[in-house]
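Engineer: Since the structure of chain Z is already known, use the hints to place chain A on it.
Number of protein chains: 2
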Amino acid sequence: MTSTVLNLQPLLEEGRENELAGLLSTLHPADVAEALSPLDMEDTIKVMSLLDVAQAAEVLVELSESSRDQVTLGLPRDKLTQMVAEMDSDDAADIVGDLSEAAAEEVLKAIGDEESEEVRRLLMYDEETAGGLMQLELVAASGQDTVAKVINDIRAASEDLGDLTSIYVVDQARALQGEISLKDLLLAYPHETLSQLIQKAPGLVVRVDEDQKAVAQKFRKYDVRSAPVVDSQNRLLGRIMVDDIIDVVDEETDKDFYRLAGSSEEEVYTSGAIKRASLRLPWLLFNLGGGLVTSFILKYFEASFQKTMALVAFVPMVMSLSGAVGSQSATITVRGLATGRIGQGLIFRSLGMEQKVSLVMALVFGLAITLIAGSLRSAPRLGLAVGLSLGAAILVSAFLGAITPLFFRAINVDPALASGPVVTSANDVAALMIYAAIGSAVA
Amino acid sequence: MTSTVLNLQPLLEEGRENELAGLLSTLHPADVAEALSPLDMEDTIKVMSLLDVAQAAEVLVELSESSRDQVTLGLPRDKLTQMVAEMDSDDAADIVGDLSEAAAEEVLKAIGDEESEEVRRLLMYDEETAGGLMQLELVAASGQDTVAKVINDIRAASEDLGDLTSIYVVDQARALQGEISLKDLLLAYPHETLSQLIQKAPGLVVRVDEDQKAVAQKFRKYDVRSAPVVDSQNRLLGRIMVDDIIDVVDEETDKDFYRLAGSSEEEVYTSGAIKRASLRLPWLLFNLGGGLVTSFILKYFEASFQKTMALVAFVPMVMSLSGAVGSQSATITVRGLATGRIGQGLIFRSLGMEQKVSLVMALVFGLAITLIAGSLRSAPRLGLAVGLSLGAAILVSAFLGAITPLFFRAINVDPALASGPVVTSANDVAALMIYAAIGSAVA
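Chain order of the listed sequences is Z and A. Every letter in the first sequence is one number past the one before it in the working numbering, and letter 165, counting from 1, is 165. Every letter in the second sequence is one number past the one before it in the working numbering, and letter 172, counting from 1, is 172.
The hints are simulated quantities; they were obtained by calculation from the structure and are not laboratory data.
A pair holds if it fits inside one copy or across any two, identical chains being indistinguishable in the list.
Lysine to aspartate or glutamate pairs mimicking EDC-like chemistry, simulated, CA-CA at most 16 Å apart:
id, residue 1, residue 2
1, K221, E65
2, K218, D243
3, K46, E14
4, K213, E127
5, K218, D247
6, K46, E17
7, K275, E265
8, K221, E62
9, K218, D31
10, K221, E58
11, K213, D250
12, K218, E62
13, K221, E251
14, K149, E192
15, K255, E128
16, K221, D31
17, K213, D414
18, K79, D52
Only chain Z is shown next, with the shape it has when bound in the complex (with noise of 0.2 Å):
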């Protein structure tokens, strides 16, 4: 465990090899993941293959996507294959999924019956359900085996099993019947059997098609570090880790962040600047549609400015003001949704809540700019029209921010995905159109 990340670099240069692969061994796999962040692809791959295939395998999972895909395409297919053949069955299926047809094949031709059979029934999932998430390793018995009995089987498959938490009992078709913690298994006596262990508590059980993000929430909910996956017969299939979980409600969190700033979670696996660019570009593209339009409004006003150059001079404020409480209403509905904290039966309380937050600041900044317009002007009346349509912007745009997201959820789509750049440009057109209105008619 180190503090600051180990710097490969000098060693690589001065060719001393045998001096890196040493202090390498005695890594932690995530410790030498980050230490090889910095490093260019070539010298990723031949710092790889310095490492003993066991930690070459860890460390190729630990290594961001973006980096892991070329290390994949860069290793010796032999070496590949040996790691892929080492990891548990879900990060194998990650690895061997991101590899084009071609390379599949191959490697899982070469990586033994029982383990590929494993990878490609894994591979059939959707990549952001349960399946996607789960493993195959885990230990299922029957509720008449005894204590004993189980852990002779654990320790015989220890070495693939890799940590437990708990263990399953299912019927003879099976199906789940019941989770004893490896708790309650440690205090448990040799003799007794495992139905007489199950508790009455359940545990969490995740249907195999669940969507990752659902399944996040429950875990979260739950207080879980491992679940059972069961399809829709409650047979067994395989077993999420709590880790899997942080990573998953990583992603997600991800996906809000780009998707709230107009560009995609793409970008986190994209290294080139003209394809992240082409990324963020299409969502600009509403900014550029609601900048024709303003441009329109205020050609259409051109002449009530151009009599009133004062009011122009504020055009900036008012968008800006009025576009910022708009971002704070649509970020904060955005979180809540994700959260979970404007949940079923509370939609129309955290609407309602935006409005009234929004009414307190229409009022405080609409009474501020008219005192200010008023008085930097010396013009009572085109304070009056700023603070007015600052206030009316206000109120339209923190109304707009809520219920975009609350109605892209409604109509099943991503409410991040919506919010950021349809909300920004909504709100310029909307601002502009109240304050050209309400500024030619008052000034």
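Structural biologist: Chain A in isolation, oriented as in the chain Z frame:
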């Protein structure tokens, strides 16, 4: 596990309290907490009083912080005391820590010496550090102890221990010597000593004064499900479980969202509209200030704008587009810093990437607007003025958007706090200055 939230209102209104109590006793505490969320405080407290003490204690811990505080105040003091006595030490400390000093003393006196001493000890740590997260319930044993002895000790304390993922080996001074997973303990033979079982690979060890954000990043990085907490002399003080880490991740993400929006994460715990508005208002003063500056800029260039009114028509578009580009850079940089993607040694690479992306966007939009504005008004010089200044404004905005969070991180100010309103208002001013200067010169 219910997928739709239970509606308690009808049963409450009809006064069918026995039925309600029976129904609630079958539910997971997290489901009870969810069913309580749409109720008002009076009904919430009425329902809480129907639960037995153990379940009520668990439900209280699951409630959102804002309603938890109110429920704590509304419950009869003796019931609250019994509930606190039932809780894990970390939850008890959270509840007692939110009480008034007098109420906290009253509860602490009533819950028994050992428990109150534990809670007092935990309350000394900053809430946002490892000490504020840890619980004291854990298993620590000597390396000379046999597996059989430890299992007996665990059995004796089982009730208080909650879930176990591993046990800790300490020396006579309670210095941490190693960790043994429950799986290794389960597979060990009764006569083996613990020191024979300690694995050489170190798990994650957390210092008691580490910031919770850093602790959460380490849990993610090392994929652990629990971690021991030690003091500066490596003495074992407590343990942190991964479900508390998920709460930290959510809390930190909340912070980033609210601060980027120009508000404070306190909103999550705030129910009044005026209080909420007062959390958002101060940040909008940046926009107000920026707005006043833009009004002076426009006044300064009044003559040019009045001569070429067509220039005015494109003010909102230039500001909106460059503002959106700046927000994209700021949001993506803030998220990169939060996830550690923009880590040590990667700051200049990230800044360079944002510059390259913005160059692509400046070229695309600058050219597009030159053509659009030029042909809309049949004035190529005007088109060139708008396009040139939009391109320049985009470059400046993207630079400000990317550098601001990095700068604030460098001076140890939360990047999210600073980036939202600071970046948008700086961009407003910068974009308008560029536009007015280039526009009045060229058009």
